[in-house]
Amino acid sequence: MPEQDVCDLPGIVARWHRDPANLVQILRDIQEACGTIPSDTIDRLAALLDVPRVRIESTASFYAFFRAESHGAYEILFSDNVIDRMAGKETLKQYFCERLWLEPRKLSEDGLVYVDDTADIGLADQAPALLVNGYAIPSLDQARLDLVAELIRAKKPLAEWPPMLFEVPDNVRKPGPLTGEAFAPGAALRALIARGAEATLADVDLANLRGRGGAGFKTATKWASCRKAEGESHYVVCNADEGEPGTFKDRVLLASHADLVFEGMTVCARVIGARQGLLYLRGEYRNLLEKLKSVLARRRDAGLLGQNILGEQGFDFDIEIHLGAGAYICGEESALIESLEGKPGKPRNRPPFPDRCGYRNQPTVVNNVETFASAAKIAERGGAWFAAMGTPQSAGTKLVSISGDCRRPGVYEVPFGVTVRQILIDCGAEDAHAVQVSGPSGTCISFREFDRRIAFEDLATAGAFMVFSRERDMFEVARNFTHFFAHESCGFCTPCRVGTTLLKNTMDKLAAGKGSAYDMNEMKHIMHILRGMAHCGLGHTAANPVVQTMEKFPDAYERRLKRLDFEPAFDLDGALATARLITGRDDEWAHLANE
Amino acid sequence: MSKTFTLDGKVIPFEEGETIMEAATAAGVYIPHLCHHPEFKPHGSCKLCTVSIGGRLGAACTNRAEEGMKVESETEALNADRRSLVQMLFVEGNHVCPSCEKSGNCQLQAVGYHLGMLTPHFPHFYPARDVDASHPDMLLERNRCILCELCVRASRDVDGKNVFGIGGRGIRARLIVNAATGRLADTDFSVTDRAAEVCPTGAIIRKRYGFTVPIGKRLYDRHSIAELPPLPAKRGEGRGEG
Numbered sequence: 001m002p003e004q005d006v007c008d009l010p011g012i013v014a015r016w017h018r019d020p021a022n023l024v025q026i027l028r029d030i031q032e033a034c035g036t037i038p039s040d041t042i043d044r045l046a047a048l049l050d051v052p053r054v055r056i057e058s059t060a061s062f063y064a065f066f067r068a069e070s071h072g073a074y075e076i077l078f079s080d081n082v083i084d085r086m087a088g089k090e091t092l093k094q095y096f097c098e099r100l101w102l103e104p105r106k107l108s109e110d111g112l113v114y115v116d117d118t119a120d121i122g123l124a125d126q127a128p129a130l131l132v133n134g135y136a137i138p139s140l141d142q143a144r145l146d147l148v149a150e151l152i153r154a155k156k157p158l159a160e161w162p163p164m165l166f167e168v169p170d171n172v173r174k175p176g177p178l179t180g181e182a183f184a185p186g187a188a189l190r191a192l193i194a195r196g197a198e199a200t201l202a203d204v205d206l207a208n209l210r211g212r213g214g215a216g217f218k219t220a221t222k223w224a225s226c227r228k229a230e231g232e233s234h235y236v237v238c239n240a241d242e243g244e245p246g247t248f249k250d251r252v253l254l255a256s257h258a259d260l261v262f263e264g265m266t267v268c269a270r271v272i273g274a275r276q277g278l279l280y281l282r283g284e285y286r287n288l289l290e291k292l293k294s295v296l297a298r299r300r301d302a303g304l305l306g307q308n309i310l311g312e313q314g315f316d317f318d319i320e321i322h323l324g325a326g327a328y329i330c331g332e333e334s335a336l337i338e339s340l341e342g343k344p345g346k347p348r349n350r351p352p353f354p355d356r357c358g359y360r361n362q363p364t365v366v367n368n369v370e371t372f373a374s375a376a377k378i379a380e381r382g383g384a385w386f387a388a389m390g391t392p393q394s395a396g397t398k399l400v401s402i403s404g405d406c407r408r409p410g411v412y413e414v415p416f417g418v419t420v421r422q423i424l425i426d427c428g429a430e431d432a433h434a435v436q437v438s439g440p441s442g443t444c445i446s447f448r449e450f451d452r453r454i455a456f457e458d459l460a461t462a463g464a465f466m467v468f469s470r471e472r473d474m475f476e477v478a479r480n481f482t483h484f485f486a487h488e489s490c491g492f493c494t495p496c497r498v499g500t501t502l503l504k505n506t507m508d509k510l511a512a513g514k515g516s517a518y519d520m521n522e523m524k525h526i527m528h529i530l531r532g533m534a535h536c537g538l539g540h541t542a543a544n545p546v547v548q549t550m551e552k553f554p555d556a557y558e559r560r561l562k563r564l565d566f567e568p569a570f571d572l573d574g575a576l577a578t579a580r581l582i583t584g585r586d587d588e589w590a591h592l593a594n595e
Numbered sequence: 001m002s003k004t005f006t007l008d009g010k011v012i013p014f015e016e017g018e019t020i021m022e023a024a025t026a027a028g029v030y031i032p033h034l035c036h037h038p039e040f041k042p043h044g045s046c047k048l049c050t051v052s053i054g055g056r057l058g059a060a061c062t063n064r065a066e067e068g069m070k071v072e073s074e075t076e077a078l079n080a081d082r083r084s085l086v087q088m089l090f091v092e093g094n095h096v097c098p099s100c101e102k103s104g105n106c107q108l109q110a111v112g113y114h115l116g117m118l119t120p121h122f123p124h125f126y127p128a129r130d131v132d133a134s135h136p137d138m139l140l141e142r143n144r145c146i147l148c149e150l151c152v153r154a155s156r157d158v159d160g161k162n163v164f165g166i167g168g169r170g171i172r173a174r175l176i177v178n179a180a181t182g183r184l185a186d187t188d189f190s191v192t193d194r195a196a197e198v199c200p201t202g203a204i205i206r207k208r209y210g211f212t213v214p215i216g217k218r219l220y221d222r223h224s225i226a227e228l229p230p231l232p233a234k235r236g237e238g239r240g241e242g
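Going down the list, the sequences are from chains S and A. Using my numbering, you'd call the opening residue of the first sequence number 1 and step up by one each time. Using my numbering, you'd call the opening residue of the second sequence number 1 and step up by one each time.
Keep in mind that the hints were calculated from the coordinates and are not lab data. One or more hints might be untrue.
To be verified - Keeping only pairs whose Cα atoms sit at most 35 Å apart, straight-line, the calculated DSBU-like set for lysine-lysine is:
(1) S/K106 to S/K291
(2) A/K3 to A/K70
(3) A/K10 to S/K524
(4) A/K217 to S/K218
(5) S/K291 to S/K155
(6) A/K41 to S/K343
(7) S/K228 to A/K70
(8) S/K343 to A/K207
(9) S/K293 to S/K218
(10) A/K10 to A/K217
(11) S/K562 to S/K514
(12) S/K552 to S/K562
(13) S/K174 to S/K293
(14) A/K3 to S/K228
(15) S/K218 to S/K552
(16) S/K155 to S/K106
(17) S/K218 to A/K41
(18) S/K343 to S/K524
(19) S/K524 to A/K41
(20) S/K552 to S/K514
(21) S/K106 to S/K174
(22) S/K228 to S/K218
(23) A/K207 to A/K161
(24) S/K156 to S/K218
(25) A/K41 to A/K70
(26) S/K218 to A/K70
(27) S/K228 to S/K155
(28) A/K41 to A/K10
(29) A/K41 to S/K228
(30) S/K343 to A/K217
(31) S/K174 to S/K552
(32) S/K514 to S/K106
(33) A/K70 to S/K524
(34) S/K509 to S/K524
(35) S/K155 to S/K293
(36) S/K562 to S/K509
Stated by the list, open to error - With the C-beta cut set under 10 Å, the calculated list includes, among others, these residues of chain S facing chain A:
(37) T500
(38) K524
(39) I526
(40) M533
Since the structure is predicted, the reported quantities are computational estimates derived from the model, not experimental observations. The C-beta atom is built at its ideal place from N, Cα and C for all residues, glycine as well.
Generate the whole structure from the sequences, applying the supplied hints.
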């Protein structure tokens with residue numbers, strides 16, 4: 001069937017108000033309808049939106065989930081965080097491919113199915129996991145993969161697959177004020193209206209709420225600055241692009257506490273004077289979309305969104321959900337805004353910061369999911385209540401996503417200031433040897449540092465907490481992360497575009513047993529360049545996993561070094577491979593010693 | 001009296017809103033750069049112009065000058081890091097100066113010389129990149145592209161054509177053109193476009209003019225990139241272009 005027949009392009013474009021700023025959403029809808037984004041569709045889209053074709057192609061080729069060639073009726077993407085690997089992902093993927101007689105990264109001969117890897121999909125507590133046509137299936141084992149293979153062979157449409165395959169439990173192991181208390185929708189808004197916007201802002205300030213995305217910028221300062229900034233309109237953006245490998249706490253907040261999140265956004269809207277909000281949901285959380293839309297609809301019906309919220313004249317605010325398309329960098333707030341505007345997710349030059357010049361170059365507050373949820377609780381229960389939890393510099397609670405070598409992986413809501421050791425006891429990780437706090441871009445700590453605390457003044461975290469036991473090879477952990485960063489670098493600036501690939505190649509060289517002390521120094525040098533010169537946080541932190549594991553687990557590296565001085569990257573014998581193929585020779589004289 | 005800041009100890013006057021790069025250029029001080037061009041909106045991607053601004057590193061082309069700030073640029077450490085960046089640009093592409101028509105007029109080569117780059121240092125990536133010779137007057141040699149986006153900006157902001165864009169991401173980022181076929185000949189690109197003469201390397205180059213000036217007598221054969229007067233904003237007189 002020609003794709004024109006299945007993809008209602010004018011309809012999709014009209015649904016997104018013919019606005020090129022919604023290009024990422026338009027491309028998502030095209031791909032959901034057609035399976036691909038073909039070249040002639042881009043031409044027709046360029047005409048419909050009246051933008052140059054090259055602009056659409058730039059965006060379409062930037063995001064991992066957009067593709068020009070068909071991946072068949074079923075696209076299977078295995079989550080490839082090191083946690084998935086530890087849970088047997090490689091073996092299971094191989095098993096699955098054998099069952100269906102196919103090779104990864106190659107469309108099956110009948111054009112039915114395609115298998116590949118993707119970056120962490122936010123299910124590290126239920127690893128290994130996969131995405132089928134964008135929908136997550138957690139807790140993979142042979143039996144579940146047998147079922148998936150059968151359904152594919154029977155060509156069953158995804159809508160008819162057993163729902164139990166797609167069930168994702170929250171795994172909240174230690175509830176707290178955000179995850180454990182009942183919240184009556186509207187409670188925070190009523191308190192806000194009773195107290196007024198200014199007093200509510202003062203409460204957020206008193207609460208000492210700091211951004212939960214990891215950076216820890218004071219929320220009240222951001223809101224106050226945006227409130228003061230002049231513009232045609234103000235916007236509230238919720239960053240739900242939870243892409244840091246090992247993090248999944250926003251998944252839980254959105255799945256089970258969406259009212260809290262939306263209410264926090266609405267509180268913010270009242271404070272800064274915004275009429276529109278956007279929730280940027282990572283593409284990997286596609287399965288949450290319908291549920292979130294229904295929560296929004298319910299809130300509109302209840303007068304908690306829309307015109308004159310709770311009868312308050314002029315309190316108008318509504319929220320639209322945008323889906324990402326497979327780009328970790330969009331978790332960076334200015335890249336997220338670029339993506340919301342239909343462009344490749346490349347971080348902007350700053351200043352100006354979004355509070356003055358954000359979405360559509362208007363004053364915009366961008367906060368993490370958990371920050372908005374906390375803000376709603378603060379509006380409801382007051383700043384003093386919140387500030388009483390945690391430490392003086394890090395008030396409140398923190399949702400920690402625990403995965404890896406422990407008996408009870410899941411979400412733990414802990415007061416700030418808790419020690420790593422306490423968390424390890426809580427989650428049943430007696431054998432822990434190392435913890436990656438806040439994901440690859442965060443901090444790797446060894447067993448010697450387990451008395452350190454989760455707090456902005458010690459171990460700042462966006463929420464990931466990956467536990468590694470004595471048996472784990474910390475070199476392989478770091479190598480997995482270098483592959484991740486090389487894959488996710490946006491390519492805008494020289495140091496990150498080239499440096500992340502240099503790091504990846506060097507780690508692969510070491511893994512192949514061809515490394516030397518020279519390579520270790522080279523990686524430190526690349527880290528120095530990245531930290532000083534990269535354009536954004538991704539680049540600044542991309543070498544952290546390597547340099548930190550090198551420092552804390554030197555044995556993992558040293559036993560791989562071939563020589564302690566120098567080893568050439570150039571493989572003499574490998575260079576002759578093509579010549580051997582052409583001449584059909586493979587005798588002794590067709591080989592060169594690399595020694 | 002206008003405001004001033006210091007650059008390597010030298011007092012530099014500036015107008016409100018000017019970047020460090022703009023003020024330095026106006027004062028005749030060279031800060032190494034590749035993606036910057038005074039005619040176009042600052043881009044900040046090559047990071048070669050990274051300077052120390054009161055101890056914090058930032059790109060001179062995108063950071064605004066501020067009264068009294070202390071900027072350092074010509075330090076041994078910064079130039080060593082810049083050299084690494086140029087080396088990164090060399091190994092991620094396929095740059096073969098001895099056989100390149102742009103040799104001697106190439107800013108990448110000239111800045112490499114200026115920074116004392118003697119080897120590429122890092123292992124080459126040897127990427128497979130497309131050469132597009134379809135256009136009657138212009139050659140698109142992607143092996144030499146450093147993704148500075150000057151052609152993208154020139155075509156969009158000056159020519160009003162949008163001939164160029166960047167496709168892909170990360171190390172797979174590449175220069176793409178505004179045609180379904182992907183061929184330059186199928187765009188409305190013209191040899192008289194501003195975008196035709198703005199490439200700092202030999203990635204976008206005019207056909208049949210490659211060797212009209214012999215190697216050895218070209219711009220950067222005679223002058224270091226640092227000692228030349230600032231780029232004139234007027235078109236057609238650009239140094240090291242075309």
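Each hint, compared with the structure:
1. Under the criterion of a C-alpha separation no larger than 35 Å, the hint pairing S/K106 with S/K291 is consistent with the structure, at around 34 Å.
2. Taken as a hint, the A/K3 and A/K70 pair is honoured in the structure, with Cα atoms around 13 Å apart against an allowance of 35 Å.
3. For the suggested pair A/K10 and S/K524, the alpha carbons sit about 33 Å apart, so the restraint of at most 35 Å is met.
4. Distance check on the hinted pair: A/K217 and S/K218 sit about 59 Å apart at the alpha-carbon level, beyond 35 Å; violated.
5. For a cut-off of 35 Å, the pair hint linking S/K291 to S/K155 stands: about 27 Å separates their Cα positions.
6. Of the pairs offered as hints, the one joining A/K41 and S/K343 holds, with about 18 Å between alpha carbons and a cut-off of 35 Å not exceeded.
7. For the proposed pair S/K228 and A/K70, the alpha carbon gap of about 30 Å is at most 35 Å, so the pair holds.
8. Proposed proximity of S/K343 and A/K207 is supported: the alpha carbons are some 33 Å apart, at most 35 Å.
9. For the hint pairing S/K293 with S/K218, the CA-to-CA distance comes to about 29 Å; that is within 35 Å, so the pair holds.
10. Proximity of A/K10 to A/K217 is assessed by CA-CA distance (about 33 Å); at most 35 Å being required, the pair is judged to hold.
11. Simply put, S/K562 and S/K514 have alpha-carbon atoms about 6 Å apart, close enough for the 35 Å limit, and the pair holds.
12. Distance hint between S/K552 and S/K562 is fulfilled; the C-alpha atoms sit about 20 Å from each other, no more than 35 Å.
13. Of the pairs offered as hints, the one joining S/K174 and S/K293 holds, with about 28 Å between alpha carbons and a cut-off of 35 Å not exceeded.
14. Under the criterion of a C-alpha separation no larger than 35 Å, the hint pairing A/K3 with S/K228 is consistent with the structure, at around 28 Å.
15. For the proposed pair S/K218 and S/K552, the alpha carbon gap of about 32 Å is at most 35 Å, so the pair holds.
16. This hinted pair checks out: S/K155 and S/K106 have alpha carbons roughly 19 Å apart, not beyond 35 Å.
17. Distance hint between S/K218 and A/K41 is fulfilled; the C-alpha atoms sit about 32 Å from each other, no more than 35 Å.
18. Restraint check for S/K343 and S/K524: the C-alpha separation of about 33 Å stays at or below 35 Å, so the hint holds.
19. For the proposed pair S/K524 and A/K41, the alpha carbon gap of about 34 Å is at most 35 Å, so the pair holds.
20. Between the alpha carbons of S/K552 and S/K514 the distance comes to roughly 22 Å, so the proposed pair stays at or under 35 Å and holds.
21. For the suggested pair S/K106 and S/K174, the alpha carbons sit about 43 Å apart, so the restraint of at most 35 Å is broken.
22. A hinted pair counts as satisfied when its Cα atoms are at most 35 Å apart, and S/K228 with S/K218 qualifies at roughly 16 Å.
23. Between A/K207 and A/K161 the CA atoms are separated by roughly 21 Å; this keeps the pair inside 35 Å, and the hint holds.
24. As the CA atoms of S/K156 and S/K218 are separated by approximately 50 Å, the hinted pair breaks the 35 Å bound.
25. Among the hinted pairs, A/K41 with A/K70 is consistent with the structure: their alpha-carbon atoms are about 24 Å apart, no more than 35 Å.
26. Of the pairs offered as hints, the one joining S/K218 and A/K70 holds, with about 28 Å between alpha carbons and a cut-off of 35 Å not exceeded.
27. Among the hinted pairs, S/K228 with S/K155 is inconsistent with the structure: their alpha-carbon atoms are about 57 Å apart, more than 35 Å.
28. Annotation: proposed proximity of A/K41 to A/K10 holds, straight-line Cα distance about 26 Å (limit 35 Å).
29. Taking the CA atoms of A/K41 and S/K228, the gap is near 28 Å; set against the 35 Å cutoff, the hint holds.
30. A C-alpha spacing of about 43 Å is found between S/K343 and A/K217, which places the hinted pair above 35 Å, so the restraint is violated.
31. Between S/K174 and S/K552 the alpha-carbon distance is near 30 Å, which keeps this suggested pair within the 35 Å criterion.
32. Proposed proximity of S/K514 and S/K106 is supported: the alpha carbons are some 30 Å apart, at most 35 Å.
33. Annotation: proposed proximity of A/K70 to S/K524 holds, straight-line Cα distance about 28 Å (limit 35 Å).
34. The straight-line distance between the Cα atoms of S/K509 and S/K524 is roughly 15 Å, inside the 35 Å bound, and the hint therefore holds.
35. Proposed proximity of S/K155 and S/K293 is supported: the alpha carbons are some 29 Å apart, at most 35 Å.
36. Of the pairs offered as hints, the one joining S/K562 and S/K509 holds, with about 10 Å between alpha carbons and a cut-off of 35 Å not exceeded.
37. Hint status for S/T500: holds, given a least beta-carbon distance of 7 Å to chain A, under 10 Å.
38. The restraint placing S/K524 at the interface with chain A is violated, with a minimum CB-CB distance near 12 Å, outside the 10 Å limit.
39. For S/I526, the suggested interface contact is upheld, since its CB lies about 8 Å from the closest CB of chain A, less than 10 Å.
40. A hinted interface residue such as S/M533 counts as satisfied when its beta carbon comes closer than 10 Å to some beta carbon of chain A; here the least separation is about 5 Å, so the hint holds.
In summary, the numbered hints that this structure violates are 4, 21, 24, 27, 30, 38.
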